[in-house]
Amino acid sequence: MSATFRHIACCIDDSPSADAAVARARELQEAGHGRLSLVHVAPHALLVDYIDGTPVPSPADINVRQREWLEARAAAVPGATPVFLEGLPGPEICRWAAEAGVGLLVAGAHGGGWPTAVLGSTTRRLVDHAPCSVMVVRDASRRSAETGTVVTEAGG
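If you read the sequence shown in the numbering used here, its first letter stands for residue 1, the second for the next number, and so on.
Quick caveat, the hints were computed from the structure, so don't treat them as lab data. If a hint is listed, it holds; no wrong ones were tucked in.
Label-pair restraints from in silico Cβ distances:
#1 76 <-> 100: 19 to 27 Å
#2 91 <-> 30: 27 to 35 Å
#3 30 <-> 128: 26 to 34 Å
#4 6 <-> 51: 39 to 47 Å
#5 31 <-> 64: 30 to 38 Å
#6 27 <-> 98: 18 to 26 Å
#7 88 <-> 48: 16 to 24 Å
#8 95 <-> 64: 17 to 25 Å
#9 23 <-> 51: 44 to 52 Å
Glycine is no exception: its CB is placed at the ideal position from the N, C-alpha and C atoms.
Turn these sequences into a full structure, and let the hints guide you.
Written out as structure tokens, the structure is:
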């Protein structure tokens, strides 16, 4: 792949597929000298406090461990910037990618638990709705001789 991207965002969790995606995103970032963001999405905090009978979001950060994990993961990848989002992963990543001017999203392919599933639900959402190109990277332990990296263009 000869194209270079100014901003590459790699969507990560703690899976082997995400490890493979980070490695591929890093290769692309090094080749093109672009920006690399490591993106992780956690659920919205569901804790609320009541002030004068009105529910308000609690200042307690229930995602503190996930934030710390992401920061440590990004620190281990030269040149990577952590991006922590809250909400539903697919829609949040697509929203953020559009706002941040991402040129390429890189994500691991997850088989889920369903034998017929080719992509995980978040990756499928990115392929179908991302505002930019999406690269899907399979974990080497799950890769067959005829599969590997799949790239889709936005709008295609």
